[in-house]
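Number of protein chains: 2
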Amino acid sequence: MNCNVITIGDEILIGQIVDTNSATIARMLGEIGVRVERRLTVGDSGEEIASAVTEAMRRAPLVIITGGLGPTKDDITKTTLTQLFDSRLVRHEPTYRAVEQMMKAKGIEFNELNQGQALVPECCEVLTNRNGTAPGMWLEKEGSVVVSLPGVPFEMEALMCEEVIPKVKEHFALRSVVHRTMITFGLAESMLAERIAEWEDALPEWLHLAYLPSPRQLRLRLSAYDVSAEMAEAEMERRFKELETILGSYFVGYGEESVAGVVARMLVERGATLACAESCTGGALSSRFTAEAGASAYFKGSVVSYSNDVKINLLGVRAEDISEYGAVSQQVAEQMAVGVRRVCGADYAIATTGIAGPDGGTPAKPVGTVWIAVATPEGVTSQLYRGGKLRSVNIERSSTAAINMLRLVIAK
Amino acid sequence: MNCNVITIGDEILIGQIVDTNSATIARMLGEIGVRVERRLTVGDSGEEIASAVTEAMRRAPLVIITGGLGPTKDDITKTTLTQLFDSRLVRHEPTYRAVEQMMKAKGIEFNELNQGQALVPECCEVLTNRNGTAPGMWLEKEGSVVVSLPGVPFEMEALMCEEVIPKVKEHFALRSVVHRTMITFGLAESMLAERIAEWEDALPEWLHLAYLPSPRQLRLRLSAYDVSAEMAEAEMERRFKELETILGSYFVGYGEESVAGVVARMLVERGATLACAESCTGGALSSRFTAEAGASAYFKGSVVSYSNDVKINLLGVRAEDISEYGAVSQQVAEQMAVGVRRVCGADYAIATTGIAGPDGGTPAKPVGTVWIAVATPEGVTSQLYRGGKLRSVNIERSSTAAINMLRLVIAK
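Line by line, the protein sequences give chains A and F.
Each number in my numbering comes from the position in the first sequence (counting from 1) with 55 added on.
Each number in my numbering comes from the position in the second sequence (counting from 1) with 55 added on.
In short, the hints are calculated from the structure, not lab data.
Treat each hint with caution, since some may be false.
Note that identical chains are pooled: a pair holds if it fits in a single copy or bridges any two copies.
[What the hints assert, rightly or not] In the BS3-like style, the derived pairs of lysine-lysine whose C-alpha atoms are separated by at most 27 angstroms in a straight line are:
1. K420 x K444
2. K222 x K196
3. K467 x K296
4. K161 x K444
5. K222 x K444
6. K161 x K467
7. K159 x K444
8. K159 x K420
As the structure is a prediction and not an experimental result, all values here were calculated from the model.
Using the sequences and the hints, build the whole thing.
Pasting the structure below:
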């Protein structure tokens, strides 16, 4: 079944905020076999919203809208939907009381604007928002379902999970779908495609392969519709097993895990711990591990040694080596890794030192030069990562390269 | 003038990657007075792409497309545009040579797939992509301009900046526009709206106010179209000066800065340095500072003290206090801040210790409890931040709260 997603808000349209909601909704719907066929973003204009919703209802039996439910006067999704569904706004008592209580707990005055949050079109079914003041709404008309959700990402996500997904499964007769995703890292898309061409050509017709590139990894997804789940899963497992052999160390894992998540699992399985020493990545590398629940089981800590003093005093890097080879050097990276492993009392350690940019490059060490070192109980190894000119990309990609280097060292 | 943006790709549609390109494009166009009126995302289907582009050309004189220009067979934007513009694919020699060289430098085979990157519709003007293999394309038909750009964010961004923006300014007679943005932090949207209602009502008709909420701050933007820049800027400055007084410490700064950027500027202006000690934020707080160019001018370093050992050994937190008050306590937060200030030799230090979740909460210290401390040459202060249930939101918001606390301490 198809779905259209509409995100509403001038702040999205003019690019002040990035629309992450569409991706979250699409992923959640994909799990239950609903395909987002089209996504649209329009501004806070009644006319635009009405025309977008009308068109989407024509295109798909399910339309999910986010945004435009805030208390200020530029938020007009609710009044627009009320008109579109020939309804009128009425106060929803449970929401009114919940918002009142929420405002009280936060010490925010329960003013007219906030009271307005409890108004909903009479014809809708209210979806309870436990994390904010704007209720979700489920509306039906001429066989189409329109769901309106708040734009705040975690409010929207909780509503999707607790209310919308169960109701969609109940309301529509969905096709059965089986997805399985393999995570790869280190091969560019064109090289991966060439390497697996023969394997891909041999796939049965009913198995669909998709390349899912993202900044942190390249995923391959097999999907099967309307076949028995057992049969599909067995065939996918067999095919992916073949692919593991073809990909060798480029194969990282399965599912929705990140490369950092795979490393975390490997560490926990081994009862081993990790520490990081970061210069150019400035905390971003550590945060890739600590972003995921359960990090305290293996993550001891990090030192962000942005200045040379901190490298010398906290990590024991030799001042002479910084003078002789520079702070961005193999020698310093290795001493950082060994040092942070020691001071944090960890089994493994990763270190990064580089020139993130935009300034600070030299002909011998251009912007994007990053030394990565991994220290283990057995010793220390290092490698040179060569990035580009953009600071954010260099931080992001050298962090991923460092995590992947640790993965390969542990897997050996 | 209006523009429509179309992003293409199954990986976006199914939510495997978040579409950041639309926001980047909208921000860049907004600067020159071009308004994104509508944004659409469609999958890698020739029919969908053709219908989306045709509709967009009907709606706006400028259409910008990203994605679907990769080397693999599911990338069909180029062939679709070639048909739509009644053209044929021809090899663009400069691109062919550039891609060949790029592949050589990276040690990637220059195979048939990569050679295909140099094919472009004969009728297009090629926009040189210095950062990747897919060239940008500028196409014109019946008064409309269609620009096709690669989906890789930094390739797209460089092309927008170097090629598209200058050409758009040259090709269209654009309305003059003046924007000015104020950054606020700490007031919820409804409370801000109420506090500034009188000021807002007194704005002249030709000044348009927009609320731009985002997870890290709430911005207010004034825009003026088709008036003299000098007059608009003077009026905006006067109005915003009034607003500074109304907002007091909720006023953070102006422009595209982040709260962290404002703090960075305050530190550099004072010749002061910063260090961080992070427990629950796990590196995310430090990375907010180090993400921005020039951080090495004031940022000394951080200790991510995830384990108690690291808190005690590297930061000098008293083991007895961890036992008595717990790792998440005012006492430990303050000792972390004082400790990291000392070991990093910094003037100011921020520390965070809390329960990010999803597990680890207790009735007395539920998930979302975060103690934040700021150490200065004069002493140490601390405050309790109460977050919600979601790990990522707790990490993000407590980091912002910590940065804002430092801002208020420095500003005093």
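Cross-check of the supplied hints:
no., hint, in the structure
1, K420 x K444, "within (12 angstroms within a copy, 44 angstroms between copies)"
2, K222 x K196, "within (16 angstroms within a copy, 46 angstroms between copies)"
3, K467 x K296, "within (19 angstroms within a copy, 62 angstroms between copies)"
4, K161 x K444, "between (44 angstroms within a copy, 15 angstroms between copies)"
5, K222 x K444, "between (48 angstroms within a copy, 24 angstroms between copies)"
6, K161 x K467, "between (52 angstroms within a copy, 25 angstroms between copies)"
7, K159 x K444, "between (49 angstroms within a copy, 19 angstroms between copies)"
8, K159 x K420, "between (57 angstroms within a copy, 20 angstroms between copies)"
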